Amino acid sequence: MSFIDDYRKILKRKIKEYHWNDIQTEIESFFAKIQSVTIPDSAKFCLKKFTLSQKEILDKFYLDEKKIKDIIYIDRIYTMLDYIKEINFCFPNNWNTLKYRHHEHGYKLKTLIEAIEDGVEEVIQFKTDKFDLLVDKQEEFHSPEIFIDLSFSEFGLSYYESYARLINGIAFHPDFYMILPNLLRALFENLLQDIFSQSLDNSDADLYYSSRSKKAYDFSRLISLLELLKDDEFGPYISGKITIDTIKELENIRKIGNYSIHDIVDKITPEWANNFKKRIKITLEPLLISYNNLKGKIPSIDPKRKFKLKEELGLIPKKKKKNSTKEVLNSNSLQSQFFKDLFNQFEEAEKPKNDNNFKDNSNYRYLNYKVKSVDKKRYLDTNEIKHLIIQASEELKRYLVENDVLSFNEATDLISGYYLRIPYSNIKIEQGKISVHRSLRDIVKDPLSLDETIQYFLKQLENLISKT
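One point on numbering: in our numbering, the residue at position 70 of the sequence shown is 152, and numbering is uninterrupted.
A portion of the hints provided could be inaccurate.
Straight-line alpha carbon distances no greater than 25 Å define the calculated BS3-like cross-link-like pairs of lysine-lysine that follow [unchecked claim]: (1) Lys-441 with Lys-192; (2) Lys-296 with Lys-91; (3) Lys-468 with Lys-515.
If you are wondering where the hints come from, they were derived from the structure by calculation, not from laboratory data.
Because the structure is a prediction, the values reported are computed rather than measured.
Whenever a hint applies, use it, and build me the whole structure from the sequences.
What follows is the structure, encoded as structure tokens:
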């Protein structure tokens, strides 16, 4: 089997086949209907920056009708999906083309994009020019030396043979050995997911899987869970196979798998696979044996023990000792300073003309803003602002949970990761746009200013904390 066929199998497992099927359905339905669309006047300005031609869209993302059906090009397809999503959101809310409801499909695409984002980032990071060339040529190769000499099929994990063949094919290959760290990380991360899904009761799946984001927790948290379970719940079945050295080696694999391209070029040499081969086997073999021994063995975990596990994993905040009033005030001051420093980077920007997204209406008034870098030497791009808002939203959750304003679950339900808003507030800070509800017109007066709006937002936050 070719290198590329094995890589396709791994991608389908990473992206999830049902997501891949939904992606194909969305692409087909969009291209089938868009050529028949009637464009309303309200959408014409928004659509100026897009093309609706199938060929032009495919050309724009270096795709064709064959490549959009090939998961090996998921990084390009991902970017195209975001483009199609934005086209759909240009149309009025209830607009449909031959029963194709544009906003409904826009939200479907948004959900899909979020679901596959992690897998796509890995592809983007490690798909170098040479790797693209390999994809185009569909090159096959075999290495005379084997990196992994274990049989996954013997442990009931035959679908991992694709990983093994792919790793063995590239580990000692002069052109492709540099992607070995990422493939090893993917191998061990998926193996831990399988150990937990096959050993733990379904009622305990929330220890390793987030139902909210519909994916397993990150590799670091999976390693922590294994460390917490290895001597207790798993202990009677694995006879000490998983040791603290196993955990340390998994942590090392995680760190190496997170190397930047610069680190890889600098640290991963042609000899690296030889030096690492034995350590990988010593780590992999006990995990495979443990997988086999643990299948279907662990009953539902006691609620008190499970609560403690969730605390240790950071899934729920640890119960805090009662702090002195001075400590609480200091904590509030530090957290509040984060938001003050953040908003100090904001500058008011002119609203785009003829953009309905910024047109004041009977319910909302809008502001546009830009963000300077911390060193004030440049302005952040849209992607950097997006991640800044996500970070601030997470900080807001932590702030409100740690100050006992909300429980962890309440904060997760009430605070979005994609915009910044205090629960039930009438001010919403999105990427490049701030919405202020008309009910605040006597407090945040016209003409609307960024400074006054931000000051009121901070005052709301401080008032919320002071009431606890």
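Against the structure, the hints:
{"no.": "1", "hint": "Lys-441 with Lys-192", "result": "holds (24 Å)"}
{"no.": "2", "hint": "Lys-296 with Lys-91", "result": "holds (20 Å)"}
{"no.": "3", "hint": "Lys-468 with Lys-515", "result": "holds (11 Å)"}
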